[in-house]
Amino acid sequence: MVEPLSPLETDWKPGHYGHVANGAGVTLSQTQPGSIVQAAAFAGEEKTLIAALKDATGLALPDGAGAGVINGARAAFGIAPGRFLLVDQAEGLADTLSSAVQADTGTLTDLSHGRTAIRVAGTSAQWVLAKLFAIDFALTAFPVANGCSTAHHDIFAHIQRTGETQFDLYVFRSFARSFWKSLCHASEDVGYQVK
Amino acid sequence: MSARRTAGGGRIDRTRSVRFHFDGKAYTGFAGDTLASALLACGLTLLGRSFKYHRPRGLVSAGFDEPNALVTILRGDVREANIPATMIEIHDGLVAESQNRFPSLDYDLGAINQLAGPLFSAGFYYKTFMGPAIGPLKGTRLWMLCEPFIRRAAGLGRAGYATDRVRYERMNAFCDVLVVGAGPAGLMAAKTAAAKGARVILAETDPVLGGSANWSNETIDGEDASQWAARTAEALAETDNVRLLPRTTVWGYYDGNTLAALERVADHKRVPENGEPRHRHWTIRARHVVLATGALERPIVFPGNDRPGVMLASAAARYAGEFGVLPGARVAIFTNNDSAYAAARALQRQGAAISAIIDTRPNVSETAAGLANEADAEVLTAHAVVATKGGRSLSGLLARTFDYQTGRFGEAVREIQADCLVVSGGWSPVIHLASQAGTAPIWDDALQAFLPPEPTQKWTGAGAFLGHFSTAEALADGHAAGQAAAGGAKARKPALPKVESLPVDPTPAPVYEVASPDGKGGKAFVDFQNDVTADDVRLAHREGFLSVEHLKRYTTLGMATDQGKTSNIPGLAIMAEARGISIPEAGTTRFRPPFTPVSLGALAAERYGELKPDRLSPMHDWHVENGATMYSAGLWYRPQIYGKAGETVEQAYVREAAAVRRSVGIVDVSTLGKIAVQGPDAAAFLDRVYTNMFSTLPVGKARYGLMLREDGLALDDGTTWRLGENDFLMTTTTANAGNVMQHLEYFLDIVWPDLKVTLTSVTDEWAGAAVAGPKSRDVLAACVSGTALDNETLPFMGIVHGEIAGVAVMICRLSFSGERAYEVYCRAGFGRHVWETLIEAGKPFDIVPYGLEALGALRIEKGHVTGAEIDGRTTARDLYLDWMLSKKKPFIGSMMMDREGLVSEERARLVGLVSLDNQPLGGGAHIVEHNDPHAIRDSIGHVTAVCYSPALGKYIALALVRRGKARHGSRAYISDPLRRRFGPVEIVSHHFFDPEGSRMHG
Chain A
5 MVEPLSPLET DWKPGHYGHV ANGAGVTLSQ TQPGSIVQAA AFAGEEKTLI
55 AALKDATGLA LPDGAGAGVI NGARAAFGIA PGRFLLVDQA EGLADTLSSA
105 VQADTGTLTD LSHGRTAIRV AGTSAQWVLA KLFAIDFALT AFPVANGCST
155 AHHDIFAHIQ RTGETQFDLY VFRSFARSFW KSLCHASEDV GYQVK
Chain B
18 MSARRTAGGG RIDRTRSVRF HFDGKAYTGF AGDTLASALL ACGLTLLGRS
68 FKYHRPRGLV SAGFDEPNAL VTILRGDVRE ANIPATMIEI HDGLVAESQN
118 RFPSLDYDLG AINQLAGPLF SAGFYYKTFM GPAIGPLKGT RLWMLCEPFI
168 RRAAGLGRAG YATDRVRYER MNAFCDVLVV GAGPAGLMAA KTAAAKGARV
218 ILAETDPVLG GSANWSNETI DGEDASQWAA RTAEALAETD NVRLLPRTTV
268 WGYYDGNTLA ALERVADHKR VPENGEPRHR HWTIRARHVV LATGALERPI
318 VFPGNDRPGV MLASAAARYA GEFGVLPGAR VAIFTNNDSA YAAARALQRQ
368 GAAISAIIDT RPNVSETAAG LANEADAEVL TAHAVVATKG GRSLSGLLAR
418 TFDYQTGRFG EAVREIQADC LVVSGGWSPV IHLASQAGTA PIWDDALQAF
468 LPPEPTQKWT GAGAFLGHFS TAEALADGHA AGQAAAGGAK ARKPALPKVE
518 SLPVDPTPAP VYEVASPDGK GGKAFVDFQN DVTADDVRLA HREGFLSVEH
568 LKRYTTLGMA TDQGKTSNIP GLAIMAEARG ISIPEAGTTR FRPPFTPVSL
618 GALAAERYGE LKPDRLSPMH DWHVENGATM YSAGLWYRPQ IYGKAGETVE
668 QAYVREAAAV RRSVGIVDVS TLGKIAVQGP DAAAFLDRVY TNMFSTLPVG
718 KARYGLMLRE DGLALDDGTT WRLGENDFLM TTTTANAGNV MQHLEYFLDI
768 VWPDLKVTLT SVTDEWAGAA VAGPKSRDVL AACVSGTALD NETLPFMGIV
818 HGEIAGVAVM ICRLSFSGER AYEVYCRAGF GRHVWETLIE AGKPFDIVPY
868 GLEALGALRI EKGHVTGAEI DGRTTARDLY LDWMLSKKKP FIGSMMMDRE
918 GLVSEERARL VGLVSLDNQP LGGGAHIVEH NDPHAIRDSI GHVTAVCYSP
968 ALGKYIALAL VRRGKARHGS RAYISDPLRR RFGPVEIVSH HFFDPEGSRM
1018 HG
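These protein sequences, in sequence, are chains A and B.
Under my numbering, the first residue of the first sequence carries the number 5, and numbering increases by one thereafter.
Under my numbering, the first residue of the second sequence carries the number 18, and numbering increases by one thereafter.
By construction, these hints were calculated from the structure, which means they are not laboratory data.
Since we're looking at a predicted model, the values are computed, not measured.
Among these hints, one or two may not hold up.
[Unchecked claim] Lysine-lysine pairs mimicking DSS-like chemistry, simulated, CA-CA at most 25 Å apart:
# : chain 1 : residue 1 : chain 2 : residue 2
1 : B       : Lys-537   : B       : Lys-406
2 : A       : Lys-185   : B       : Lys-629
3 : B       : Lys-661   : B       : Lys-860
4 : B       : Lys-406   : B       : Lys-42
5 : A       : Lys-199   : A       : Lys-185
6 : B       : Lys-629   : A       : Lys-17
With these hints in hand, go ahead and build the complete structure from the sequences.
Take a look at the structure:
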């Protein structure tokens, strides 16, 4: 089988970098999910879509701006009114969903290759991300499993908090290498490990 | 003036000495010193030369309001000019130099300007640059000759040319309460809000929190105020919900309670930590703000008030109290209020002799008299300073009896020996941020100061900012503000710390200026940094510049880098006096951001060089590895040519394009904008946004589409593929993808929200390679499985699904080059794999990768349009695309496209040009009818795209020319005076090559 190529490719170099005298403040890694799918509900069909997604994937999405859910290898969160990003470490999620969502309810768009998933984890994750995004990353304002859509310069990003000190970022593939450089640069003062 | 270090005291660390350089000479100070305090301790009082007159200048203040002691910091070759010495923390290896002097501070040739003083009065530039209006030089352009000399003589620090390679950074923060200023009021507010559980950020300009507590000599809760401040700050630092930001100046207050701040992270270090920025720019979004920004002492304007050795009373007290430096051995005080008496006593206790206290008021309070007594100082009531003595430093002054209410002088004149004169003209609350987030400031007659305005955003004030000058008031205010900002129930009786302080009342007599009684005594400066005198203000008045805004522009009062922190109120007062009106009637300044200068590096942080965002195709690395010259197209990088050794760009693209026409070529089209248009109403939506019909398009087919804007002009073109009944893949031009997406989203969200359609950018989901040329089908046949590729299965604009080397692909037969061509799409992660397989399969056919230049040449030969022709000014008819304008349905732009001006025969329309002199044509060049290289007029159009056509063996171009097709076969001339190009061209059809399309369809 042909393995998909990461857009980071040559710029992804495992190791320790920056100010790591006191250990790495963050760990940067790629989660390389097999599936990234956008599910979008037509106006008024949001609850129907959420129910259909739950039936098909077991992911019970709370109904609310940015609300999300994590369940083992699968996760989902709101990225816009009536729009959700669903992620699965396994491939084929788009196919699983396509039979579950009626044409009148909404649409599914396979973005497995179009978005690159980068994980920022560690005690300084909030500090590093605050350099890039005008988002309140405090746990009270951004609980675990919640997500948001935002941008760093011209780079759009969807972000889901997947742990108290862990965030999964989804950026457009073409921007991924550029964003990775920014992320590494922003992590230098706290020290970072690429894993 | 003989400044010196005191025997003890101050908050400096006398066990750690620090070596630094100023004007090439080594000095030593202590950790905790500013450059100003360290130089003062070394006995230096002359620290700068003034802007226009090159007058010797010394320290006026001890903080960010310093107008005189501006220096340039040198970091290697990088120069940073105009930094107040009062704001620079010394560190080992610091190198600073003085400014605006030649050859040295002590002997400055520019000081000759003082002799020509009257010439450089207010409005000098306006008058001079009009040229002399009378006299023998009238009508000459004398000023043009003088300008370079004037520019050289005036000014402050010199900028450098070296690239600043240090790091700058931006940071976002959110909090419940932002406290600006960490004096007693700010510390108390932060402590109170934090105790209520609020998320607090406390920002302080100085490196050490505490503000006036660090030099006030007061006690709080029985301990030295500075210790109380240090203890409070330490406790806050250990609180989880508090972030302390020392060395951070909040410089702007914007909508939505968003504030901008600059943190000087590493300026005080010889070498920053690994990854540490020099400056960090903070954007802070606060639910509530507490402004505890304190107050600034004002100088009094009097003759000779700029002589080194004349400084603010609070500054002198601060140098003594915080830095253990006495600015003089014999200190005279000139004041209009009681606060300077406390300074007198503090200086006396540190070892200075107080030679006299000159007070404009006829009577002083018992407290003041008592302090004067303790300081062993003679008090001259109802006196004013009318002149200062000395050269580059103060040696004495003249005090004369003075009635401040009438402004009249008596006869008695006293000469007083002093090497330092400290001045207090009252206090102005620092209301700059409040003024950016409030209504107009409010004048207070008693305090003779503008107080903060009514808030228009969520902030609360505390302490001296409100005109409450005692520490006890500051603590009470801070507590209340912290409570209010954090919200929730109020504590009934707050247990506030007890303060022991001198009960001095800073309410001043309204004295701003002591005009010279006899025209002697020297210039009286209002704005030290821009060299604006009291006479300049009066000149502005005489010449009719009465409004405070006109006064400012005419005299440059308050326009220097200090933004008039010490000069605005005195300047306003002098104008009010001249006009015979009150200060609030004369007006005030609404302070703009930034409060203090902000480094450009911090504003531009991480948006340049390697950190500039860019977009890369999935095949980017292959292109680079295979010798492509990459070309930036918007944010994308695309191959321009795959040049061989020794080839010019033209030779390379001609070779590549010729190979496509002869055999086969491959080009990366991954950068084309791709939008998934999905949903039951997708076809109906496309019928509305495209000029032609899409609902009739069968599944498995693609169609070329054109979009107009609402005004009827062309917006973008591209092909859209129907992948399923409710599933379309729209392609757009690379550069226009964002625009088209916004355009479509606008109509979907605002105009037709009832349509069941989803739009998603899938540009990055797909890698695309166009295989073009007579042998293209052979190349595909060699590597594609799972589908037939014959004309019947895959006709022009047909789509098939298959596999290439184990990867699913979509193949659409369409052509930009005019050859038989196929676009092969696969998921982006497999892009390089598929691309390399295609290259391998193409080897027997001599496949050639081609870049943007060849792509351009091929499309010009075919007369296909791009963004160069769809430039926002052209219509479908202009481009001979009117066959695409459906008459069966309305679409965006259909109502407006038939307007008279848009259907005129006179419009510039698409044509082809052939160079008749066999020379290249230039994009953007004009087309003229007359064979006259010198007549730059009568343009009939312009060139949009040029190339050498390998198919025709000629230089050709596309152009927009008036009356278009009607000129086919006629001769014209290309006129390009900027590039010195003029030559004959023939106007022809834009379909240069294979107009019937037999190669593409066959």
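Consistency of the hints with the structure:
For the hint pairing Lys-537 of chain B with Lys-406 of chain B, the CA-to-CA distance comes to about 12 Å; that is within 25 Å, so the pair holds. A hinted pair counts as satisfied when its Cα atoms are at most 25 Å apart, and Lys-185 of chain A with Lys-629 of chain B qualifies at roughly 10 Å. At roughly 17 Å between alpha-carbon atoms, Lys-661 of chain B and Lys-860 of chain B fall within 25 Å of each other, so this suggested pair holds. Proximity of Lys-406 of chain B to Lys-42 of chain B is assessed by CA-CA distance (about 29 Å); at most 25 Å being required, the pair is judged violated.
A threshold of 25 Å between alpha carbons decides the hint, and for Lys-199 of chain A with Lys-185 of chain A the separation of about 15 Å falls inside it, so the pair holds. The suggested pairing of Lys-629 of chain B with Lys-17 of chain A holds, with an alpha-carbon distance near 21 Å, which does not exceed 25 Å.
Checked against the numbered hints listed earlier, the structure breaks hint 4 alone; every other hint is satisfied.
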